[in-house]
Structure formats: C-alpha cells, structure tokens
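Per my numbering, the sequence shown starts with residue 25, numbered consecutively.
Quick caveat, the hints were computed from the structure, so don't treat them as lab data.
Yeah, the Cβ is synthetic: ideal placement off N, Cα and C, and Gly gets one too.
Computed beta-carbon distance windows for the label pairs:
| id | residue 1 | residue 2 | range |
| --- | --- | --- | --- |
| 1 | 149 | 115 | 26 to 32 Å |
| 2 | 113 | 69 | 18 to 24 Å |
| 3 | 43 | 114 | 26 to 32 Å |
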Amino acid sequence: MPGRTAVDLLPPTVVRLSQLPRIVALKEAVPDVARIAQLVSDSPPGFAILSGDDLTARQAIAAGAAGVISVTANVAPRAMSDMVAAARRGDTAAAAAIDQRLELLHRNLFVEANPIPVKWALARMGMMDGALRLPLTELSAPWHAAVIDALGAAGIALNS
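Could you build the full structure based on these sequences and the hints that come with them?
The structure is reproduced here in structure tokens:
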C-alpha cells in the first residue's frame with residue numbers, strides 16, 4: 025500500500041521477544057535459511073520458528089524451523105504435510121521429491137496478491153464457490169493457465 029512501510033523484526037529483536045513467556049513462536053516469511061538457523065540457534069528451547077515461505081520451507085525445516093504456515097497447504101494439504109513430516113524426520117530425499125512436485129504450485133500461488141490465486145484454485149477444485157468479497161478480485165485471466173498448470177504438476181484434480 026502506498027505510504028506503508030514493512031517492519032522487519034531483525035534476529036536480535038526476535039531473540040529478545042522470544043524471552044517473553046507469552047510469545048511462543050514466530051512466522052519468519054523471509055526466504056533466508058541462514059536467518060532461520062540463526063533464529064533457531066539464538067532463541068530459547070520451546071520457542072518455535074515457523075517458515076512463512078513455501079518455496080524455502082523444506083530448507084527452513086532442515087535448518088531447525090518447527091514447520092511452515094503454508095499457502096500451498098490450502099490446495100495440497102496431504103503433500104505439504106508429508107513434505108514437512110519427511111523434512112522433520114531428516115528424510116531429505118523424500119522431502120525433496122515431494123517439494124519438487126509442489127515447486128510450481130509454491131511459485132504460481134503467488135502470481136497475484138495472496139489469497140487471490142489460492143481461492144481461484146480452490147474454486148476450480150470444487151472446494152469453494154467462486155464468490156469473492158472486496159477487496160479481493162478474480163484472478164487475472166493471463167494467470168489462469170499458470171495456476172492450472174501448477175495444480176496439474178502437483179497431481180491435483182480439477183472439477184470438470
């Protein structure tokens with residue numbers, strides 16, 4: 025939005041906040057695996073670091089993140105769950121194989137502002153009607169094929 029500035033909670037600030045008893049986790053949406061590792065290392069035991077970036081979630085979990093708050097999981101919940109479980113148990117080959125199948129979906133669910141593409145995909149899957157409330161709008165027509173291709177690459181069936 026014009027005039028709005030994003031605030032980045034830098035690792036030293038997060039570590040200070042992690043000491044407070046009512047703050048138990050952080051969703052780190054910066055796709056920087058070294059930063060995830062630093063946050064995990066510097067935060068106290070029991071403070072959860074969660075990835076907020078689907079494209080790097082597997083690597084974030086390998087670096088110590090507890091899991092992911094995922095957009096992709098809205099359309100591929102089993103696959104994302106299986107990928108996270110494999111990554112958490114250290115099965116890098118299985119996690120990478122699942123993640124590779126989901127990579128195009130991770131990318132194409134962000135061709136426009138979230139949650140427009142994911143809601144459009146869910147409607148095509150028959151999981152919701154296509155009605156959106158403002159300020160959301162329909163996914164732009166030039167992106168329809170990209171999202172459909174990503175769903176197909178992930179093995180997701182569409183409603184005919």
